Amino acid sequence: MKILVAVKRVIDYNVKIRVKADHSDVDLTNVKMAMNPFCEIAVEEAVRLKEKGVATEVVAVTVGPKAAQEQLRTALALGADRAIHIETDERAESLAVAKLLAKVVEEEQPGLVILGKQAIDTDNNQTGQMLAALTGLPQGTFASEVAVDGDKVNVTREIDGGLQTIALTLPAIVTTDLRLNEPRYAKLPDIMKAKKKPLDVKTPADYGVEVASKVSLLKVESPAERKGGVKVASVDELIDKLKNEAKVL
Amino acid sequence: MSILVLADLHEGQLAGATAHVVAAAQAIGGDIDVLVAGEGVQAAAEAAAKLDGVSRVRVADNAVYAHQLAEPMGALLVEMAGDYTHVLASASTTGKNVLPRLAALKDVSQLSDVIGVESADTFLRPIYAGNAIATVKSDDTLKVITIRPTGFDAVGASGSATIEAVDVVVDNSQSSFVKEELAKSDRPELGGAKVVISGGRGMGNGENFKLLDGIADKLGAAIGASRAAVDAGFVPNDMQVGQTGKIVAPDLYIAVGISGAIQHLAGMKDSKVIVAINKDDEAPIFQVADYGLVGDLFEILPELESKL
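So the sequences go chain by chain: A and B. First residue of the first sequence: 37, per the working numbering; consecutive thereafter. First residue of the second sequence: 8, per the working numbering; consecutive thereafter.
Simulated from the structure, these hints should not be mistaken for lab results. Among the hints, erroneous ones may be present.
Okay, the calculated beta carbon distance ranges per label pair [what the hints assert, rightly or not]:
hint, chain 1, residue 1, chain 2, residue 2, range
1, A, T65, B, F305, 45 to 51 Å
2, B, T129, A, G172, 32 to 38 Å
3, B, P309, A, T205, 52 to 58 Å
4, B, S126, A, D58, 18 to 24 Å
5, A, L224, B, T148, 39 to 45 Å
No more than 30 Å apart at the CA atoms, straight line, and that leaves these computed lysine-lysine pairs for BS3-like [said to hold, decoys possible]:
hint, chain 1, residue 1, chain 2, residue 2
6, B, K217, A, K267
7, A, K267, B, K57
8, A, K86, A, K223
Owing to the predicted nature of the structure, the values given are computational and were not obtained by experimental measurement. Positions of the beta carbon are idealized from the N, C-alpha and C atoms, including for glycine.
Make the full structure from the sequences, and use the hints.
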């Protein structure tokens, strides 16, 4: 079985973001970029399925600017076999990405597609579900366990209030939650080897997909800062403040 | 304008989040219908009919919608969306699972986690884990939106909407329900509780979370946890408050042994009053707390419980 895994280049999760002075967007100049953490989990899961002999090939795909090839090379270093870069400098929203991925699914015919549940920049949490809808394949989102069993896959999902397990026919779309696995670090020899693995470059036009969206970003602002309050000296003072000042008890 | 709100269900009952989503629908303005879909959901439909501002509750009660699996729910919404300008759901795991399917099949974008309404086509939503707020305008003919419940005050329950059955039945041969393991608790749901008390890595182990029980009982509070406490295996993930867990905004939030990582703050900083109890007086949590108490939580918690 072939596994297609989608990755996204985002601001590194450790970086404190700054809003541009003109409020047009978040400032990404000279900011450290990395693979979206949920996508790392997706790559790890695909590679583990290959190591277990469930998958025969892992193909990584991304939609983004030229520099996004760094994240594809990371995926290759982590164990993906080859990569597809759909290059665009436009702000590609979830729907456009899902349409492009649907074309790749049509071409590659994977048995399983694994994506992160959301990217930590736009926090949309949409692409996997949209891809499932467009391809007509079943979806298992927010996965904390993926068990392939013949022509089915059981996906345990993190839902509000607990866990839900569903069974899906293959091929299927899975999106990863945090506890699915702990991604490995790429070793230096693997990083060197990754440079020689095949990486195809395409454009949205090659797939006949229009990237522009009908949603426009009017402005971006910093959230209202919460001011720190006071330190209290004792439990008695705390209870007194909560009763008489904050009036929440 | 006409708005369809997909009701959130919790074990077959109407979840509290729905009243917040209806409030968001009121902010947009127009006729508001609520769709209750599931199996054996008559009681949920009756509860939805009481929500203020709702003109009609449409009920799709069929085995195929049991557990609100994504494929049949998406197909049902596609069938119904033609009557509406906006389709809203709560940004719960069900809303997030189902609504993007509707958007994709109608070839429109989705706006996720909306926390404010500027007009019928312009909305506020957090990006970068709430570290920036984006104002976005949608020119799509159908607006598909998930609502973050904490962004809107719940509507009251003194209404009397009409209840109508929906006879749309779809096929689903691709996905099936296997099992659910839901945390059983007599306490209020984290997302809707007026008081939340959360423990972090400073709790030391899962056993020590019992120190929060007595206080939670006295305050009628839900118990939460930081991601560090979940990752350390102290408590299950459904207790997690933060960007990667639940977003809460109670009247009172008590953070115990929580340092205040950005990812945790993103999940609770809209609480009305924040109390932090931590032995490290430099902990970042004190920068957002209205009241900070520096000290050993193992001494403070029993004292707090006895004095409340």
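Going through the hints against the structure:
no.	hint	verdict
1	A:T65 - B:F305: 45 to 51 Å	holds, 47 Å
2	B:T129 - A:G172: 32 to 38 Å	holds, 33 Å
3	B:P309 - A:T205: 52 to 58 Å	holds, 54 Å
4	B:S126 - A:D58: 18 to 24 Å	holds, 22 Å
5	A:L224 - B:T148: 39 to 45 Å	violated, 52 Å
6	B:K217 - A:K267	holds, 26 Å
7	A:K267 - B:K57	violated, 44 Å
8	A:K86 - A:K223	holds, 18 Å
Taken one by one, the earlier hints fail for this structure at numbers 5 and 7, listed in ascending order.
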